[in-house]
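Here are the chains, one letter per residue:
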Amino acid sequence: AQTVTQSQPEMSVQEAETVTLSCTYDTSESDYYLFWYKQPPSRQMILVIRQEAYKQQNATENRFSVNFQKAAKSFSLKISDSQLGDAAMYFCAVNAGGTSYGKLTFGQGTILTVHP
Amino acid sequence: ETGVTQTPRHLVMGMTNKKSLKCEQHLGHNAMYWYKQSAKKPLELMFVYNFKEQTENNSVPSRFSPECPNSSHLFLHLHTLQPEDSALYLCASSQGGRLREEQFFGPGTRLTVL
Numbered sequence: 055a056q057t058v059t060q061s062q063p064e065m066s067v068q069e070a071e072t073v074t075l076s077c078t079y080d081t082s083e084s085d086y087y088l089f090w091y092k093q094p095p096s097r098q099m100i101l102v103i104r105q106e107a108y109k110q111q112n113a114t115e116n117r118f119s120v121n122f123q124k125a126a127k128s129f130s131l132k133i134s135d136s137q138l139g140d141a142a143m144y145f146c147a148v149n150a151g152g153t154s155y156g157k158l159t160f161g162q163g164t165i166l167t168v169h170p
Numbered sequence: 002e003t004g005v006t007q008t009p010r011h012l013v014m015g016m017t018n019k020k021s022l023k024c025e026q027h028l029g030h031n032a033m034y035w036y037k038q039s040a041k042k043p044l045e046l047m048f049v050y051n052f053k054e055q056t057e058n059n060s061v062p063s064r065f066s067p068e069c070p071n072s073s074h075l076f077l078h079l080h081t082l083q084p085e086d087s088a089l090y091l092c093a094s095s096q097g098g099r100l101r102e103e104q105f106f107g108p109g110t111r112l113t114v115l
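Order-wise, the sequence lines are chains V and P. So for the first sequence, my numbering puts the first residue at 55; every next one is plus one. So for the second sequence, my numbering puts the first residue at 2; every next one is plus one.
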């Protein structure tokens with residue numbers, strides 16, 4: 055079984071500032087992917103960034119980057135130069151092999167508010 | 002239509018009603034999923050279909066009955082629901098078969114059970 059924990063129910067950031075959302079996970083599988091999804095208010099959930107467990111280099115997508123600490127099973131998301139459009143619920147998720155193959159397990163989510 | 006669509010967007014039903022949720026994906030994907038999103042709880046995976054075959058039933062009560070007639074369409078048939086079944090029901094699709102693949106989500110159906 056796999057679990058994902060997001061310990062920050064809510065976070066806020068000033069526009070143009072940087073914010074980091076925390077995520078820890080647990081899986082017994084050696085092959086897995088980690089994801090951050092964004093769910094804007096009343097809009098569809100979309101993928102923000104993903105990380106393969108075998109890759110040591112942290113993934114980046116424009117203003118979004120991750121800090122992947124495999125030994126600590128930590129996968130935080132950093133949003134730089136925050137914009138009003140970044141306001142959303144952010145979900146961390148893991149997709150592992152083995153008996154959980156193909157089944158995304160999500161955390162509880164973090165609501166991000168961006169202040170102008 | 003593009004991406005993943007869901008109808009209806011909102012549904013109110015009584016505990017004795019029978020209704021169905023519909024999901025359609027226009028992405029040529031082979032895997033489709035139903036999730037339940039309740040307030041203050043993580044998204045819960047309910048069902049997974051790969052190439053029209055159900056590959057996962059996450060201990061979902063029998064009052065929820067999925068149907069996947071082809072790789073593009075997914076239904077969730079509802080009957081004798083309980084008030085605690087009120088939630089946002091999300092449909093998603095993916096190419097199928099790879100850990101790294103992105104899931105594409107629909108806008109969801111907001112279900113209220115009275």
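Keep in mind that the hints were calculated from the coordinates and are not lab data. Some clues are possibly wrong.
Below, in silico cross-link-like pairs of lysine-lysine (DSSO-like), each with a Cα-Cα straight-line distance of 27 Å or less [stated by the list, open to error]: (1) LYS37(P) with LYS157(V); (2) LYS127(V) with LYS23(P); (3) LYS132(V) with LYS19(P); (4) LYS132(V) with LYS41(P); (5) LYS42(P) with LYS19(P); (6) LYS23(P) with LYS53(P); (7) LYS42(P) with LYS127(V); (8) LYS109(V) with LYS124(V); (9) LYS53(P) with LYS127(V); (10) LYS42(P) with LYS124(V); (11) LYS157(V) with LYS23(P); (12) LYS42(P) with LYS132(V).
_LYS132(V) paired with LYS19(P) [C-alpha distance capped at 27 Å]_ = Outside the cut-off at roughly 45 Å; violated.
*asked:* Would the hint linking LYS23(P) and LYS53(P) be met if the CA-CA limit is 27 Å?
replied: 15 Å, holds
*Does the alpha-carbon distance linking LYS132(V) and LYS41(P) stay inside the 27 Å limit?*
Within the cut-off at roughly 23 Å; holds.
*Given the hinted pair LYS42(P) and LYS19(P), is their alpha-carbon gap at most 27 Å?*
26 Å, holds
*Quickly compare the C-alpha distance for LYS109(V) and LYS124(V) to 27 Å and report which way the hint goes.*
10 Å, holds
*For the pair supplied as a hint, LYS157(V) and LYS23(P), confirm whether the alpha-carbon distance does not exceed 27 Å.*
Judged against 27 Å, a Cα distance of about 21 Å means the pair holds.
_Next pair to validate is LYS42(P) with LYS124(V); report whether the Cα-Cα distance is within 27 Å._
It holds: about 25 Å lies between the C-alpha atoms, which stays within 27 Å.
*CA of LYS53(P) to CA of LYS127(V), is that 27 Å or under?*
Measuring from Cα to Cα gives roughly 34 Å; hence the hint is violated.
_Pairwise hint evaluation, LYS23(P) against LYS127(V), where the allowed Cα distance is 27 Å at most_ = Distance of about 37 Å is beyond 27 Å: violated.
_Between the alpha carbons of LYS42(P) and LYS132(V), is the straight-line distance 27 Å or under?_
23 Å, holds
*Given the hinted pair LYS42(P) and LYS127(V), is their alpha-carbon gap at most 27 Å?*
21 Å, holds
*Decide if the proposed pair is consistent with the structure: LYS37(P) and LYS157(V), CA atoms, cutoff 27 Å inclusive.*
14 Å, holds
This entry does not satisfy hints 2, 3, 9, going by the numbered hints stated previously.
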